[in-house]
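Following the hints, position chain B against chain A.
Now for the letters of each chain:
Number of protein chains: 2
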Amino acid sequence: MSEEQGISVKQSEDFSKWYLEAVRKGGFIDQRSPIKGFDVILPWGYAIWERIQDCFDREIKEHGVQNAYFPLVIPESLIKKEEEHFKGFKAEAFAITEAGGEKLEEKLFVRPTSETIMYHMFAMWIRSYKDLPLLINQWCNVVRFDTKGTKPFLRGREFLWQEGHTAHATREDADKWLTTVVKMYNEVYKMLAIEPLILVRPKSDTFAGADYSIVFDTLVQDGKVVQGPGSHLLGQHFSKPFDIKFLDEDGKEKYVWQTSWGITTRQIGILIAHHGDDKGAVLPPEVAPVQVVIVPILFKGKEADVLEKAGSVKEQLHQLGIRARLDSREHSAGFKFNEWELKGVPLRVEIGPKDIAAGEVTAVSRVGEKTKVKMTELDEIKGLLDNIQEEMATKSRKFLADSINDVHSMDQLKAAEGGFLRGNWCSSGECEASIKAESGFEIRGTLYDKEEKCFANCLWCGKPAKHVVYIAKAY
Amino acid sequence: MSEEQGISVKQSEDFSKWYLEAVRKGGFIDQRSPIKGFDVILPWGYAIWERIQDCFDREIKEHGVQNAYFPLVIPESLIKKEEEHFKGFKAEAFAITEAGGEKLEEKLFVRPTSETIMYHMFAMWIRSYKDLPLLINQWCNVVRFDTKGTKPFLRGREFLWQEGHTAHATREDADKWLTTVVKMYNEVYKMLAIEPLILVRPKSDTFAGADYSIVFDTLVQDGKVVQGPGSHLLGQHFSKPFDIKFLDEDGKEKYVWQTSWGITTRQIGILIAHHGDDKGAVLPPEVAPVQVVIVPILFKGKEADVLEKAGSVKEQLHQLGIRARLDSREHSAGFKFNEWELKGVPLRVEIGPKDIAAGEVTAVSRVGEKTKVKMTELDEIKGLLDNIQEEMATKSRKFLADSINDVHSMDQLKAAEGGFLRGNWCSSGECEASIKAESGFEIRGTLYDKEEKCFANCLWCGKPAKHVVYIAKAY
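Each protein sequence line maps, in turn, to chains A and B.
All residue numbers for the first sequence refer to this note's numbering, where the first residue is 7 and numbers rise by one.
All residue numbers for the second sequence refer to this note's numbering, where the first residue is 7 and numbers rise by one.
Hints are supplied without guarantee of correctness; some may be wrong.
Same chains, same label: a pair holds when it works inside one copy or across any pair of copies.
[Stated by the list, open to error] In silico PhoX-like cross-links for lysine-lysine, where the CA-CA straight-line distance does not exceed 25 Å:
| # | residue 1 | residue 2 |
| --- | --- | --- |
| 1 | Lys479 | Lys320 |
| 2 | Lys456 | Lys96 |
| 3 | Lys16 | Lys401 |
| 4 | Lys376 | Lys315 |
| 5 | Lys96 | Lys42 |
| 6 | Lys113 | Lys42 |
| 7 | Lys109 | Lys96 |
| 8 | Lys109 | Lys154 |
| 9 | Lys86 | Lys42 |
| 10 | Lys87 | Lys42 |
| 11 | Lys67 | Lys388 |
| 12 | Lys442 | Lys113 |
| 13 | Lys16 | Lys246 |
| 14 | Lys251 | Lys285 |
| 15 | Lys96 | Lys113 |
| 16 | Lys182 | Lys67 |
| 17 | Lys456 | Lys182 |
| 18 | Lys320 | Lys136 |
| 19 | Lys86 | Lys109 |
| 20 | Lys442 | Lys230 |
| 21 | Lys109 | Lys87 |
What the hints contain is simulated information worked out from the structure, not anything from laboratory work.
For reference, chain A alone in the conformation it holds in the complex (with noise of 0.2 Å):
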C-alpha cells in the first residue's frame, strides 16, 4: 500500500492521528470547508447517516411519532424563557443580528436545539387530554459553538440530527415513553453492532432545564467514551415558562409532562472509532452503504470475461437484495483491496479467471477471512454477511463486558488505563468534581435499566454510598 493512500498511524500509536485518518482517507469527511468546525460529510458518510434516518424513522413512525419542522432561528425572548436552558445554552449560541444588509429589532439566535421553539407552539396546540400524548420529531441542522475544539463528527459546531419533543399527561405516562424511546435506539445500536451502556447521568451532566437524562455511552478503541443519543426527562420545566396546559378528564387543568431526544451525525464517527482496525473503517453489513464490492481480477487477454462474468455476479446479488457494487476502474487490483478496506466494506468478491474455471468466487470479508462460493450459490453471500454482522455485535459485546473493572480506591482509578470504572460514589457534587481534577476519568452516570447495590464506600470522601456509578474519560 503506497504512504499516501493507506493510514500512516498504528490505532495503538496515535488513536487521535489514526481517527482523523480514517474519517478522511475513507471519504467520510472534509474537514477543509473554509469554516472551522462546520464539516462537509461526503456521500459515503451521508450514506450512512440516512440509513440511521432509515432505521429511526421507521420505528418513530411504528410508535406513533409524527414529523414535522420548526424554524431554523428563534428570538432571544423566547430563548431566555427557561433560565437553566438558556445558561446552558447561550455561551453556545451563534446569534443573527442582520438582514438584508439591516440591523434587526431582535436577536435571532440559531437553533443549538428546540425546546423553546418548539414549545411555544405546543401551548398554542394542546388545549384537553385528548390532545395527548404528542409525539413530535424533526431531523434538521443545529450549531453549537463548542469552545472545546473539534473533531471531526465527535465534536463539530454543525450537525444534523433528529430531535423528539412530546407531550403527556402524567409524569408516568412521560417517564414511560422513554423506555420506547430506548428501546428505539436500541433498534440503531442493533444495526450498528455496538454495544452501548446506557446510563442515567449525574446532575451535573443532565441536559439544561431537565429532571434526568439517559445517554448511550459507546467505547470505542482507544478506551475513551463518546456519549451517543441522549433522552431526557423535562418534567414540567418547560410547560410552566411556556404554559402548556390541558383540561384532564376530571375537568382540572393541568401542565402537561415532556422529553426530548435525540440522535446525531456523531454517530458515524462513533461508528468508526468502535470498529475501526490500522486499516480503517469496519463497517456492519446493515448500515454499509455498500455490503459487497466485487473486484473482478484481471489478466491480459481474459477481462472481456471477467469483467462479464463479474456484472453477472453484481446482477444476481442484486437480486438477492445486497448492496453490491462493481469496481471496475482502471486502478490495480491491490489499489482497489485498500481502498475498499479503508471504507470498511464488510464484504469483498475477487472473480478472477482461476475462479471463473472452477465456477466460483472469492469472498474476502473486511477482517480478512476468505471463503470460495460457488457462482450456482450466491445467495449463500446472505448468510456471509448475516455472520458478519452477528460476529461484530458478539465482538463488541465482549469488548464492553471485558472494559468494565471495579475499583475500590482512587489509587486504583488512577492507575486505570481507559474502559468503564465501576466504582461507588455518595451522590455529592464536590466529590464529582474531585474525582474528576484528580483522575481525569469523570462519573459517566448509573445503569439506567438496573439498580446495582453499593459494594463499597465513596471513593472520594470515603462516607457510605448511595450509588454505583460507572466511571471513564470521554471525547
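Chain B alone, transformed into the frame defined by chain A:
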C-alpha cells in the same frame, strides 16, 4: 359544516383568503411562529414533503447523483467571489455576527443557496476528467430575507429544498444533464398530477450567476402562476472565480461547466393552490399521506360490529399496500367528512350497518363520486385510486391547455383575466419592463422543449419579434 371548521370563503370570492384558510385549517402549516416568514410545517404538510423527497431522491440516485451535506454558514469573503451571484443574494441574506456572546471576526451568511460553499470544495475534489461528471445533491434548509411579504409555503423566509450541483467536462455535457434534471422533476409533477409549463426564463429573471434557467411554472386556481423547480446552466461563471479546473484527456487544463437545480417545500403550496376546491385541499393519491380514510357510521347498539368490520377493512387495505386510516374518534360522521375533505384525502370509505348487511362499503371520492364496493372485492379500491390520479392529471392538462390564449396587442393583454398569454417579443429588456408596467403581466419565458415561430410583431414596440413568450401574473 360549522363556520369554524370549514373554509369561510369560496375560491372565486377571495382566492388569497381561501388559500390561507386551506393551508391552516387543513393542518398543512402553522404561521403563528414568533418570527415572520418562518412558519411551522405541520405533520400533514411535512408528510407530503416526505413523499416528494422519496420520489425525487429515488430519481437522482438512479441517475448517479450522490447526497452529501455542506455547512449552513458561508463566510462573507466566499459568498462575494462570484459578483453577479452576490448581487442577486446580498439583499436577502441573514448574517451571523456573534457566537457565544463574542463578535465574530468575519460575518457568516446563513446559506440562501450553496453554490459558493460547495464550489470551494469542488475545486479541491476535481483534478482530472476521470472525476467528471461530479453529481452532488443536498437536502437542507435555506433562508432568504424576502422583502415582498410572506405567504405560507409560497413565499417564506426559510424553506426546505434539495439543491443539486454538478460539474461537467463540456458545455454540451452540462446542457444534456439539464435535460435529465427536467425529466426527473417531471416524475415529481406526475406524482403531483400537475401539468407544468416548462419555460426558459428571460435574462432578467435568470438565476444570479447563470447562463439560462429552466423553470416549471404552474397555474393555480386564480389564474396566476407560481414558479416550481428551477434548473440553471451556470456555465463557467463559478468555475473561473472558484478555480475549478481539470486535466482533460488531451492533456490540457480546463474549467468545468456547471449546473444547479432545486425543488422546495413551496411545492406543497403549489399542490394545494393548483388542485384545491372550495372545500379545501384535493390531494392526488400518489402523494396523499392518507389515501383512504375509513369512517364508521355508528348507530346505537351496532357500534362494536361496525368498528370491527371497519378495522378489518383497514387491515385488508394495508395488505393491498394502500395508506388507509380508520377514524374512530368520538366526533360525528359529518364532522369527520368535513375534516378529511379539508385535508384533501382522495377517498373516503363509509361503513354502516346497512353496508354491512349488504356486504359492501360506500367509497366516496374527494370530489363526491360514490361507488359501492363489495367487501370481498376490496382490491377494486386500488383501481378507484388509480382513476382519481389519472382524472386529476387529465384535468390539470386541460386546465393548462384551456388557460393559454394568444394575444396580438397590448390591449388584448390588458384585457386578459389570467392564465398564460402567448405573445411575441423582440427580446429587449425595455419592452419587457414596459409590458409588465403597463399590464401587470410579466414575461415568464419561452417554451423549453420546442422553438415556436413568431406570429406577430413585438407586443410593445411593434418591431419584428424574436420569441413567442408566455406571459402571466405571478405569485
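How the hints compare with the structure:
1. For a Cα distance limit of 25 Å, the shortest separation of lysine 479 from lysine 320 qualifies neither inside one copy, at 44 Å, nor across copies, at 52 Å.
2. Taking identical chains as interchangeable, the C-alpha atoms of lysine 456 and lysine 96 are never at most 25 Å apart, the minima being 35 Å within one chain and 56 Å between chains.
3. Taking identical chains as interchangeable, the C-alpha atoms of lysine 16 and lysine 401 lie at most 25 Å apart only when both belong to the same chain, with a minimum of 20 Å there against 65 Å between chains.
4. When the C-alpha separation of lysine 376 and lysine 315 is checked against a cutoff of 25 Å, the pair qualifies only within one copy, where the shortest distance is 20 Å, while the shortest distance between copies is 56 Å.
5. In this assembly of identical chains, lysine 96 and lysine 42 lie within 25 Å of each other by CA distance both inside one copy and across copies; the values are 19 Å within and 23 Å between.
6. For a Cα distance limit of 25 Å, the shortest separation of lysine 113 from lysine 42 qualifies both inside one copy, at 23 Å, and across copies, at 14 Å.
7. In this homomeric assembly, lysine 109 and lysine 96 come within 25 Å of each other (Cα to Cα) both inside a single copy, at 21 Å, and across copies, at 14 Å.
8. Only between protomers do lysine 109 and lysine 154 lie at most 25 Å apart by alpha-carbon distance; the minimum there is 18 Å, versus 30 Å within a single protomer.
9. For a Cα distance limit of 25 Å, the shortest separation of lysine 86 from lysine 42 across copies, 19 Å, qualifies, whereas the shortest one inside one copy, 27 Å, does not.
10. For the identical chains of this complex, lysine 87 and lysine 42 are inter-copy neighbours only, at 19 Å across copies versus 30 Å inside a copy, given an alpha-carbon limit of 25 Å.
11. With identical chains, the CA atoms of lysine 67 and lysine 388 are at most 25 Å apart between copies only, with a shortest distance of 24 Å across copies and 28 Å within one.
12. Proximity of lysine 442 and lysine 113 under a CA criterion of 25 Å is satisfied in neither setting, with 37 Å inside one chain copy and 38 Å between copies.
13. With identical chains, the CA atoms of lysine 16 and lysine 246 are never at most 25 Å apart, being 53 Å at best within one copy and 41 Å at best between copies.
14. For a Cα distance limit of 25 Å, the shortest separation of lysine 251 from lysine 285 qualifies neither inside one copy, at 55 Å, nor across copies, at 32 Å.
15. For the identical chains of this complex, lysine 96 and lysine 113 are neighbours both inside a copy (12 Å) and across copies (19 Å), given an alpha-carbon limit of 25 Å.
16. Taking CA atoms no more than 25 Å apart as the test, lysine 182 paired with lysine 67 passes inside one copy only; the shortest distance there is 17 Å, against 40 Å between copies.
17. Taking the shortest Cα distances, lysine 456 and lysine 182 sit within 25 Å of each other inside one copy (15 Å), while across copies they are farther apart (62 Å).
18. In this homomeric assembly, lysine 320 and lysine 136 come within 25 Å of each other (Cα to Cα) only across copies, at 23 Å, whereas the closest approach inside a single copy is 53 Å.
19. Proximity of lysine 86 to lysine 109 under the C-alpha cut-off of 25 Å is found in both arrangements, the shortest distances being 21 Å within a copy and 20 Å between copies.
20. In the homo-oligomer, the alpha carbons of lysine 442 and lysine 230 lie at most 25 Å apart inside one protomer (14 Å), although the nearest pairing across protomers, at 66 Å, exceeds that limit.
21. In this assembly of identical chains, the alpha carbons of lysine 109 and lysine 87 lie at most 25 Å apart whether taken from the same copy (23 Å) or from different copies (24 Å).
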